[in-house]
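Engineer: Sequences are here, hints too, so could you generate the full structure?
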Amino acid sequence: MLNSSDTKSYKQGTFPLHSVITENLNKIKNTFSNCSDVIYREFTIDSLKKSAALIFINELADIKLINENIISSLMNIKPLLPNDALKNNLIDIIKQRFLEVSAVDELTDLSELEEALLNGDSIFLLDGEIKALKFALSSFKGRSISEPTIEKVIRGPKEGFTEDINVNTAMLRRRIKSSNLKFENIILGRKTRTKVHLCYLDDIIDEDILNEIRKRLKNIDIDGVLEGGYIEQLIQDNPHTLFPQVLHTERPDRVAGCILEGKAGIFVDGTPFVLIAPSTMMLFLQTSEDYSERYMVSSFIRLVRFIFFVASLLLPGMYVAIVAYHREMIPTALLISIMESARKVPFPVLVEALIMEATFEALREAGIRLPIPANQTVGIVGALVIGDAAVKAGIISSIMVIIVSITAVASFSIPSYDLGYSIRILRFVMLFLGGLFGLYGILLGLLILFIHLTSLRSFGVNYMSPIAPLNLTELKDSFIRFPLWSMDKRPSFSKTTNRRRQKQNSKPEANKPTDER
Amino acid sequence: MLSNLLFSCSDKLELNEISLVIGIAIDKNYNNNNIIVTLELANPNLASQQDSKADASNQSLLEESEGKNFADALQNFTKTNSQVIDFSHIQVIIMSKAICIDGVSEIIDYVARDRQFRNLNWLFMAEDTAKNVLKEKFSSDDITSLGLAKMMEKLRSNGSIVPIDINRFIIGLESQSKTSLLPIIEIETKANVPKGKIKVGKTAVFKNNHLTGIFSEEESKLLVWFYRRIKGNLIVSPISPASNGIYITLKVYKEDTKITANFKNEEVEFDIKCVATAEIKELHNLKLNPLLIKRLETNTEQVLNLQLVELINKCQTNFNSDVLGFAEIIYNNTPEKWIAMKEHWYDIFPNIKYKVSFDVDIKNAGMIKNSPDEVNEGGK
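If you read the sequences in order, they're chains X and R.
The opening residue of the first sequence carries number 1 in this note's numbering; numbering runs sequentially from there.
The opening residue of the second sequence carries number 1 in this note's numbering; numbering runs sequentially from there.
Hints were generated in silico from the structure; no laboratory data involved.
Be aware that a few hints might be false.
To be verified - Label pairs and their calculated CB-CB ranges:
#: 1; chain 1: X; residue 1: 402; chain 2: R; residue 2: 293; range: 53 to 59 Å
#: 2; chain 1: X; residue 1: 486; chain 2: R; residue 2: 228; range: 56 to 62 Å
#: 3; chain 1: X; residue 1: 439; chain 2: R; residue 2: 150; range: 52 to 58 Å
#: 4; chain 1: R; residue 1: 61; chain 2: X; residue 2: 439; range: 42 to 48 Å
#: 5; chain 1: X; residue 1: 473; chain 2: R; residue 2: 333; range: 49 to 55 Å
#: 6; chain 1: X; residue 1: 334; chain 2: R; residue 2: 228; range: 29 to 35 Å
#: 7; chain 1: X; residue 1: 439; chain 2: R; residue 2: 157; range: 29 to 35 Å
#: 8; chain 1: R; residue 1: 61; chain 2: X; residue 2: 239; range: 29 to 35 Å
Even for Gly, the Cβ is constructed at its ideal location relative to N, Cα and C.
Structural biologist: What follows is the structure in C-alpha cells.
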C-alpha cells in the first residue's frame, strides 16, 4: 500500500537491515531528513561493548516510559551468561532477559521500521544485528472520553468515541466480550497511513456483505484519509444521491447494537465517528435510545419522529401549493385568518416561503460556525428579525413564520444529521414543485423520490427495506418498535443460519413460575 | 419549453388577489325581471384590526350586482371589483321566494356545473328577500353565512328540520317524484328590538322546479321520518297538559323508518313503520313505573301516528307533491309496476292508501326517577 512513486519510502520487503548500525542509522536519517521530531538516542552498552541506538518520534512515544524502562534496562545489561554465548543472536537474548516491556516485536526490514516509527513505536538498533526491536510504547495525549455532542440521549450510556482508534476499539470490546468480535486492520492513505479497523461479529455478519466491504475498502488509494467521511464517499453504492448510505455515529452502544444485528463497523483513526454498513433509511431515523425505553414509549417517539420527518420535507411545499392552487382544501375560517395575515404581503407566496427558508438556512449555518458567545446574538436577531419585525412590516405573513418554525423544529427531530442535510435540500425542491405545479407537482416529486429511494442499495441491502421489499418481521423494528421479546430474529441481511437472537418466549409473563405459592 | 413547464402557473392566485365568497343571496328585481345577486365576502382588511373592536362586527362585506340571469350577474361583479371572486369556500345559497316561484333550475344548473362550487353548500329559501337575510347577524358569528352553515351542520345530526344541500336538492328534483324540499329562512322581528333574528323552521316544497307549498314548523319536524341519514328528534307530550296538573314531555329520537309498497289488485298500499326511542324530559305528578312507561309508549305512538297521517294527507291533497319518496320506493323495488304508473303518478298519488305504525321505546328516564318535589313522599 506504499506509494511506488514516493522515492524516500521503501517498498515492502526489499530493504533488509544491515549488520552495521551506522549504515542503518544513515538510511533512516536519510528517510526522515528534515524531520526534527524524530529523536535518535545513540549509546553504548558497556557489558556488550556494542553501540546501540533508540529511535522514536517525540510525543508519539511515551518518553517517561522510555527513560525509566528501556534506557535504564538496556544500559545496565549484565554480562552474558556462559550459555548465552552459544546463541549468536544478541537481540533475542536482550528480548528474553533484559527488557521490562511487554509489547516487543522484532523487525527485519527498513520499511517495517519506518511504519513502526510513524505509528509512535520506539525502535532499538544494535550493532552487528540484522534484527531490530520495536517497543509499542506509544502515547498520544488525545481528548479524554466525553459525552457525545451530536447524538445526545436521555437514557443510555453517556460516553462517546474519541479520536484515538485504540480507545474506541477498546470501548467496543468492553461492550461485546466475544472472541467472535473481529477488528481487521487496514492501513489507508498514501501519506496519512491511517489505521482503519473493520469490525464485525464473524458468526453473525453475512460473508458476502463482509467481502464486499473488504473489497471496497481495499480499493481505496488516496493520499489522505482524515475522517470517516473520506471512506464513506469512496465506498458508498451510489455516489450520485442525496441520501446517505453509510451511517456514522459517535456512540459505542449504537455501534455495538448494529454489529449485533450483523452489520459492520468501520473505525477510522483520528475521528470519533464510526461508520456503519450496510445502513438502511430506517436506521437513520432511529436512535440507540429507542431500545432502552419501553416499547410503547419508543414507538410513540418513533412515530412522532417519522411524522415530523415527513413534515420537515413537505410542510412549506404543501402550504405554498395549497394556498396558491387548492384553497378549497383549507377550512373556511382558517382561510379567512390566513388571508388576514397575507393581506399586506407584497410577494407571491412562493417567494415569501423562499425568503423565509433561505433566512432560516443562513441562521442555522451561522449558528454552527459562530463562537459560542456570539451564538446567542444571532438567535435573538433571527427571532426578532424574521419572527416579529418582518411580520409587523408586512413583508412576511405570520402564518408563514409559523410554517417555517414548525419546519425548523421538525428538521431537528431527525436523529441523523446526514439525512437532515438531504431533507433540507429536498425541501427546497418540494417548495419549488409545490409553488409551480401545486399538489400535483408535490406528488410527482414524491413519486420520483420514492422511485429513487427504492433503487438505492447499501452494500447490497435495499435502502428502503423493510418497507420495500416488504418484510413483516423486520417491520417490527421500523415505524414502531415492537417489544424486545417479540423481535427474536436478526435482520434478514445477517447470516442465514440460525437467525434467532434470543430464546423463544422471552416475554416476561411466560417466565413467571405458574404454580409457585 | 419553460412556458410549457410553467403553464400550470396560469391558474395560480395569490391570497391577496382574491375575494372569498361565503354566501350568496339571489333576489329578483321586480321592475325589469333581472336577477340581483348579493355576495357575502370575507373581509380580511377589517378583521385584522384587532384594536378596534367596533369594526370586528364587520367581518363580512356585502356586494351586490345585477344581471339578466345568474351567470350574467356574477359576470358583472368583475366590473365593480378589483379582486378575483373565489367561490370555492361558499357555504350557503339563499334564494328569495320570488325566484323559487319562478323556478330555480337555472341557478341550480349553474351551481352544479361550475367547477368552483362545492355541491355541499346549504340551500335555503328566504321568506322575503334573500339579501336581507345576509344583512342580519347571528349573535355568536360575525359572518352570517358561516353561522348558517354551522347551524345546519348541527341540525343534521340532531335537528328539528331537514337541512338540504345542493346534492340532496338535485337528487330530489331528479328522482321519480320530481320533488324536493328547502328550509325556509325567516327574519323574526319584534317590535322593541331594532334588529331581526334569523330563524329556520318552515320547509318549502318544490315540484318540477317550482315552489308548490310550505310546511309549517310543526310539520317540518315530522319530515325527518322520511329522510334517511338525518337523525331528528322532536318533543312530544303524550298527555294533554291540562289534566290535573299532570304533565309529561318526551323527547323522541328517530331511529329508523321502513316504507314498503304492497300491491293488491293493481292498487298500491304503503306500509310506513317508524322506529324510535324516547327519553323522558319532564314528568310531574306521576309515579314512574313499568306500567306507566308502557302507557306512555302507546300514547306517544298514537300522537305521532296522528301527526304523521296529517302530514301525509297534506302532501296528498294540498300540495300533491310526493316529498315522502313513495315514487322512488316503487321505482326501486318494483320497477315493472312503476313503468305503468310513471305517466300519471300525480293522479294516483293523492289517493294512495297507507298505513302508519310507530314503535316507540322509552330508553331513558333521565337522571332522576321522580320529580324533585315528590322525592320525600317516595322516600317513605
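Engineer: Which hints, by number, does the structure contradict?
Structural biologist: 2, 3, 4, 8
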